[in-house]
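**Q** Each chain, written out:
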Amino acid sequence: MNQEKQSEQYLLEVKNLSKSFLGVMALNKVSLQVRKGEVHAVIGENGAGKSTMMNIIMGDLKRDEGEIILRGKAVDFRSPADAIDAGISMIHQEISLVPTLSVAENIWLGREKGFMKGPFIGEGVRKARTKELLDRMGIAGISPSQAVSELTVAQMQLVELARAVSTDAEIIIMDEPTSSLSDKEIDILFRVMRDLRDHGVSIIFITHKIEELLTISDRVSVYRDGCYIGTNACADTDKEQLITMIIGRTLTEQYPQISPPGEKTVLEVRNLTGEAYRDVSFTVREGEIVGFSGLVGAGRSEIMRGIFGIDKTFGGEVLLDGKPIHVKQPRDAVELGMAMVTEDRRDMGIIRSASVKENMSVSMLKTFTGPLGIVDVQKERQTVSAMMQEISVKAANMDMLITSLSGGNQQKAILGRWLMLEPRLLILDEPTRGIDVGAKAEIYRLIGQLAAQGMAIILVSSEMPEILGMSHRIYVVRDGRIVFTCDREEATQDLLGLHALG
Amino acid sequence: MEKKRSFDSERLMQFVMDNKAAIILILFVIIVSFLTSDFFTSRNISNIFRQICASCVLSLGFTLVLASGAIDLSVGYMLGMIGVATAMMAVAGVPAPVVIVSAVVIGGFCGLANAFIAQTFELAPFIVTLAMGMVYQGINLLLCHSKSIGNLPAWYKYFGNGKIGPVPFPILLMLVMVAIMIVLVQKTRFGRYALACGGNRKAARVCGIPTTKIIYLVYMITGVCVGIAALLLTGRTASAQTAAGAGMELDCVASVVIGGTPMEGGKVNVFGTLIGCLLIQVISNSLNLLGVDSNWQKIAKGAVIIFAIILDRQGSRLLDRIRVKKVQTEG
Numbered sequence: 001m002n003q004e005k006q007s008e009q010y011l012l013e014v015k016n017l018s019k020s021f022l023g024v025m026a027l028n029k030v031s032l033q034v035r036k037g038e039v040h041a042v043i044g045e046n047g048a049g050k051s052t053m054m055n056i057i058m059g060d061l062k063r064d065e066g067e068i069i070l071r072g073k074a075v076d077f078r079s080p081a082d083a084i085d086a087g088i089s090m091i092h093q094e095i096s097l098v099p100t101l102s103v104a105e106n107i108w109l110g111r112e113k114g115f116m117k118g119p120f121i122g123e124g125v126r127k128a129r130t131k132e133l134l135d136r137m138g139i140a141g142i143s144p145s146q147a148v149s150e151l152t153v154a155q156m157q158l159v160e161l162a163r164a165v166s167t168d169a170e171i172i173i174m175d176e177p178t179s180s181l182s183d184k185e186i187d188i189l190f191r192v193m194r195d196l197r198d199h200g201v202s203i204i205f206i207t208h209k210i211e212e213l214l215t216i217s218d219r220v221s222v223y224r225d226g227c228y229i230g231t232n233a234c235a236d237t238d239k240e241q242l243i244t245m246i247i248g249r250t251l252t253e254q255y256p257q258i259s260p261p262g263e264k265t266v267l268e269v270r271n272l273t274g275e276a277y278r279d280v281s282f283t284v285r286e287g288e289i290v291g292f293s294g295l296v297g298a299g300r301s302e303i304m305r306g307i308f309g310i311d312k313t314f315g316g317e318v319l320l321d322g323k324p325i326h327v328k329q330p331r332d333a334v335e336l337g338m339a340m341v342t343e344d345r346r347d348m349g350i351i352r353s354a355s356v357k358e359n360m361s362v363s364m365l366k367t368f369t370g371p372l373g374i375v376d377v378q379k380e381r382q383t384v385s386a387m388m389q390e391i392s393v394k395a396a397n398m399d400m401l402i403t404s405l406s407g408g409n410q411q412k413a414i415l416g417r418w419l420m421l422e423p424r425l426l427i428l429d430e431p432t433r434g435i436d437v438g439a440k441a442e443i444y445r446l447i448g449q450l451a452a453q454g455m456a457i458i459l460v461s462s463e464m465p466e467i468l469g470m471s472h473r474i475y476v477v478r479d480g481r482i483v484f485t486c487d488r489e490e491a492t493q494d495l496l497g498l499h500a501l502g
Numbered sequence: 001m002e003k004k005r006s007f008d009s010e011r012l013m014q015f016v017m018d019n020k021a022a023i024i025l026i027l028f029v030i031i032v033s034f035l036t037s038d039f040f041t042s043r044n045i046s047n048i049f050r051q052i053c054a055s056c057v058l059s060l061g062f063t064l065v066l067a068s069g070a071i072d073l074s075v076g077y078m079l080g081m082i083g084v085a086t087a088m089m090a091v092a093g094v095p096a097p098v099v100i101v102s103a104v105v106i107g108g109f110c111g112l113a114n115a116f117i118a119q120t121f122e123l124a125p126f127i128v129t130l131a132m133g134m135v136y137q138g139i140n141l142l143l144c145h146s147k148s149i150g151n152l153p154a155w156y157k158y159f160g161n162g163k164i165g166p167v168p169f170p171i172l173l174m175l176v177m178v179a180i181m182i183v184l185v186q187k188t189r190f191g192r193y194a195l196a197c198g199g200n201r202k203a204a205r206v207c208g209i210p211t212t213k214i215i216y217l218v219y220m221i222t223g224v225c226v227g228i229a230a231l232l233l234t235g236r237t238a239s240a241q242t243a244a245g246a247g248m249e250l251d252c253v254a255s256v257v258i259g260g261t262p263m264e265g266g267k268v269n270v271f272g273t274l275i276g277c278l279l280i281q282v283i284s285n286s287l288n289l290l291g292v293d294s295n296w297q298k299i300a301k302g303a304v305i306i307f308a309i310i311l312d313r314q315g316s317r318l319l320d321r322i323r324v325k326k327v328q329t330e331g
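Chains as they are written, first to last, in this note's numbering: chain A, 1 to 502; chain B, 1 to 331.
None of these hints come from the bench; they were simulated from the model. It should be emphasised that the depicted structure is a prediction, and the values quoted were computed from it without experimental measurement. Treat each hint with caution, since some may be false.
For lysine-lysine, the following BS3-like pairs were computed, each having C-alpha atoms within a straight-line distance of at most 25 Å [claimed, not checked]:
| # | chain 1 | residue 1 | chain 2 | residue 2 |
| --- | --- | --- | --- | --- |
| 1 | B | Lys-202 | B | Lys-213 |
| 2 | B | Lys-267 | A | Lys-379 |
| 3 | B | Lys-267 | A | Lys-366 |
| 4 | A | Lys-131 | A | Lys-62 |
| 5 | A | Lys-366 | B | Lys-202 |
| 6 | A | Lys-328 | B | Lys-267 |
| 7 | B | Lys-202 | A | Lys-312 |
All chains, full assembly: derive it from the sequences and hints.
**A** Structural data, given as structure tokens:
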């Protein structure tokens, strides 16, 4: 099917694009073919490589290999300005307008040349041109002289769209434009998008929402783990098929044998409520691995951060070993025997300026501290060295900077940091993100061992095979609520995917 | 073969980076000793050391603040205020131990105030300490009615010209402070925690470090250093000048950064701060000996600071490149 389409002239074609960040493959020979005058959806889980690909197209990132062909000619943009000149605009997820300036000023920002009257900007001409543009696009209810700060988020998105159109963009990339819009606002946005398409503009529409893309797009390309999975015409596909393509069926990773959990409840959470989640209740038993599945942004990490005291909680109860606990900051949680490997290793995990040893020992320095508060380095080195061997952290020596280690070894070092404290409860938030397959398998083995020793473990993961392969029990979170729960035996990818996507 | 070479270049580069202030200092001294015979006289060397005592102790506190990922721009004016306050007490006949303890306590309290405002209201330390510096300057001028305070008792002047055996007391005090700070910042748990805060405060908090408490302590210890520096400076000038300390925070930035403690925090080199102070003083001193106009001296000082920082940036880039290459060749 793809063969015959190759003869067609695509407006934009991405061929065999690859990119890796410090040895981690973000894109592996991916492709994308956009026709003139189509809405082309791009879908995939977080980490699938969608944004990386778009950033390379826009000239924001350099590619390692591959080609980008625009109107039949290979191009190589050095900056987004080059891409815009060539007729490609991108609307980012975050609004990038200047709130204090007017709609007209924002749309023509940096391109005032056409309105100059001597040294001054011809305000009237600019407003007239803006009015004309908005009318042509069928956007009502926005005045050119209005300050952007007075607009709703949906209106701001329309202004961004107008700005892209005003650059005579032939291709507009939209990164999850609907994530903060109401249904009504989405309808308006889609009407404008269809109108643009009918005028020959191609729109690349990045989204997470399958139903939405089916109503607006002509074709859809699916990506997973930095690989291109395939492109379907929206008329020939359905939700189930797309879910299968998005989450994949590969259960290639080797998961260890998981021993049955104990009886005693270690953690009980009752009606916990925070900024991004409501009424969350669940339990974790001794030696049990409890998986938390769901989309990125569903609120899973936020729940865990609330329990661990990183963020504030508004209500609800947390019980450890049957006793209510009040965790106000991570320090309290650590003292109660809890540990947490956070989702973002760079942001909340590693201390970049410190060595492997210092990173690993930081949580238990108290044990190594002698009189006058002086750290017993000898003892520290012995303990760290033993832990590094136990969980096989590969480093030339423990005094090198943690940042010189591979992602997998950094993650193991952080796991080691917590394991030295011998916690009762271990929370793992995306513990294998951005880690190569070998290190993943080692981390899985380690998790299995820890559970067998009786540690209660919460595993938050966006990778469904990981959840299915490792958990005794699974909770699915959507929009800040637990919407589904099941045992390992009942769980399938399709079942979890259905509940996660809603 | 290839691997070995890159390993050696990494080590050499690291050594140069860790000791760049000392290397520049030695080079400078060698050049100057060829140009003038006046440099290596015991009187000149002793002078150089005595001149850096106050700014070095002040910079020690500043080193800790920077390493913890914070900044304290109020130290200069705080020093002036403590100088005037303690001088007034001394002139009024308050016994020496009380005055000395007061200097330290006022400093600690000012540090506490800085940290309290910055942390309670979650404000940027840069602005808070800048504003607090103005407050301290105002208090200073109110206290002394904008007049400098002279006629200090002999014990106070001991901080400037006292001697224990052949060694000047201020130099001894400075060296003791350097030793204390090396132990405190580089050997204790508190120091480790402070560096962790500087490296990644969010991660440090997740690790169970009481980050708020640590930052309070950091500012208070800095204040204590300011108190001691105030005694040293006032003792040396034998009077409390109203403008004393003004602008010294910028000299601190220079000597601390040249000494190898980066502005970004997370790393520290306490001994490097002493070297950094020495380097800046040696530059002025030798240009003086060579009869260079004092205005030109300022330009030279600024140039050396910029040079050191460029060296730091380029050096760490080179080091990163060497490391990435190493990681890649190792697979």
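**Q** Indicate, hint by hint, whether the structure satisfies it.
**A** Evaluated hints:
| no. | hint | in the structure |
| --- | --- | --- |
| 1 | Lys-202/B / Lys-213/B | holds (14 Å) |
| 2 | Lys-267/B / Lys-379/A | holds (22 Å) |
| 3 | Lys-267/B / Lys-366/A | holds (21 Å) |
| 4 | Lys-131/A / Lys-62/A | violated (38 Å) |
| 5 | Lys-366/A / Lys-202/B | holds (20 Å) |
| 6 | Lys-328/A / Lys-267/B | violated (29 Å) |
| 7 | Lys-202/B / Lys-312/A | holds (15 Å) |
In summary, the numbered hints that this structure violates are 4 and 6.
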